[in-house]
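Chemist: Chains as they are written, first to last, in our numbering: chain A, 1 to 167; chain B, 1 to 167.
Hints are supplied without guarantee of correctness; some may be wrong.
[Unchecked claim] Partial pick of chain A residues on the chain B-facing surface, computed with a CB cut under 8 Å: (1) Pro64; (2) Pro68; (3) Gly100; (4) Gly101; (5) Leu155.
No wet-lab data here; the hints were simulated from the structure.
Note that the Cβ used here is the ideal one computed from N, Cα and C, for glycine as well.
2 protein chains.
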Amino acid sequence: MKESRTLLCLVVLTFIFGCQPSPTADEVKKFINSQNTKLVQWYAEGLIDSVANVFTEDTWQMPPNSKPLVGREALRSFWKQAVQWGKWEFTLSAQSVEVGGSIASERGTFTLTFTPGPNAPQGMSAFADTGNYLCLWRKQNRVWRIAVDAPVSELPLPTPTSDSRKK
Amino acid sequence: MKESRTLLCLVVLTFIFGCQPSPTADEVKKFINSQNTKLVQWYAEGLIDSVANVFTEDTWQMPPNSKPLVGREALRSFWKQAVQWGKWEFTLSAQSVEVGGSIASERGTFTLTFTPGPNAPQGMSAFADTGNYLCLWRKQNRVWRIAVDAPVSELPLPTPTSDSRKK
């Protein structure tokens with residue numbers, strides 16, 4: 001009797017601890033929200049090394065209507081230049097986070113306001129954008145980082161007679 | 001000796017069968033590829049009920065430079081109208097699939113060619129698009145469906161002097 005109880009205990013304990021406990025979506029959402037708050041600040045302040053560190057080494061960032069930035073170094077290099085051109089003010093708001101094992105998806109809404117500075121390339125005007133995004137987060141070495149960032153603008157395409165993106 | 005071996009066996013078996021075996025990324029990628037082949041065909045043929053059935057009830061489809069389609073019924077309703085306007089020819093190519101529990105992410109490339117028909121709204125011209133996408137697939141009741149579809153155009157925004165999207 002005692003033996004079978006020990007056995008049962010062992011089986012139950014192995015079941016509990018044998019399976020990697022998944023973090024809850026709420027826990028991951030909380031972390032993502034905190035990273036988003038920092039990202040917004042870091043983009044605005046031009047702290048691009050900090051921004052880059054939130055992305056995986058093999059990350060894909062896909063800015064709307066541009067070629068994607070493939071890899072953390074490409075992202076770092078693009079944004080180090082871009083922050084010289086002016087101020088990038090984002091808002092990021094996670095709407096839905098789903099977690100499965102070591103990946104998590106984040107669907108959210110964004111806005112962006114770009115204000116050119118004295119070093120902006122000729123012809124680069126102020127612009128604003130707004131839309132939705134889907135991010136893939138991946139946990140590697142216990143750290144969640146963005147592996148794919150897919151923001152989709154919901155502004156209609158400008159036409160020759162009305163260019164809605166330019167302020 | 002015999003008893004401890006039985007115990008060890010039980011512990012190992014509990015570990016193996018206690019954890020839900022995750023489908024491999026390869027298996028899911030194979031399924032996604034087969035769904036993409038069908039989707040492309042269904043969009044081109046205007047079989048929108050079949051298209052809609054690949055998406056979850058609470059799906060978000062975010063066409064570039066448009067408001068998102070929220071929910072399977074919104075998607076169905078939009079596309080049933082859109083296929084009256086002309087022919088939508090997509091290519092979809094999954095580049096990377098990651099699976100965690102009951103979610104999977106698919107990063108891929110797409111192209112789209114729209115050819116207006118006699119019922120196209122006035123002023124709706126032929127256009128082509130190309131870019132990258134990130135999809136969230138979710139397994140519900142043993143079926144994988146698209147919960148979020150975020151295609152990002154990589155074509156530069158048209159400007160008043162060069163409208164690159166219009167053929």
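Chemist: Verify the interface restraint on leucine 155 (chain A): the C-beta must sit less than 8 Å from at least one C-beta of chain B.
Modeler: holds, 6 Å
Chemist: Go through the hint on proline 68 (chain A) and say holds or violated, using the shortest Cβ distance to chain B against 8 Å.
Modeler: Hint holds; proline 68 (chain A) Cβ to chain B Cβ min 5 Å, cut 8 Å.
Chemist: Is the hint on glycine 101 (chain A) kept, meaning its closest Cβ partner in chain B is under 8 Å away?
Modeler: holds, 3 Å
Chemist: Holds or violated: the hint that proline 64 (chain A) contacts chain B, with Cβ atoms closer than 8 Å.
Modeler: Holds: closest Cβ of chain B sits about 6 Å from proline 64 (chain A), inside 8 Å.
Chemist: Holds or violated: glycine 100 (chain A) as interface residue toward chain B, Cβ cutoff 8 Å?
Modeler: holds, 3 Å
Going down the numbered hints, you'll see the structure goes against none, and every one checks out.
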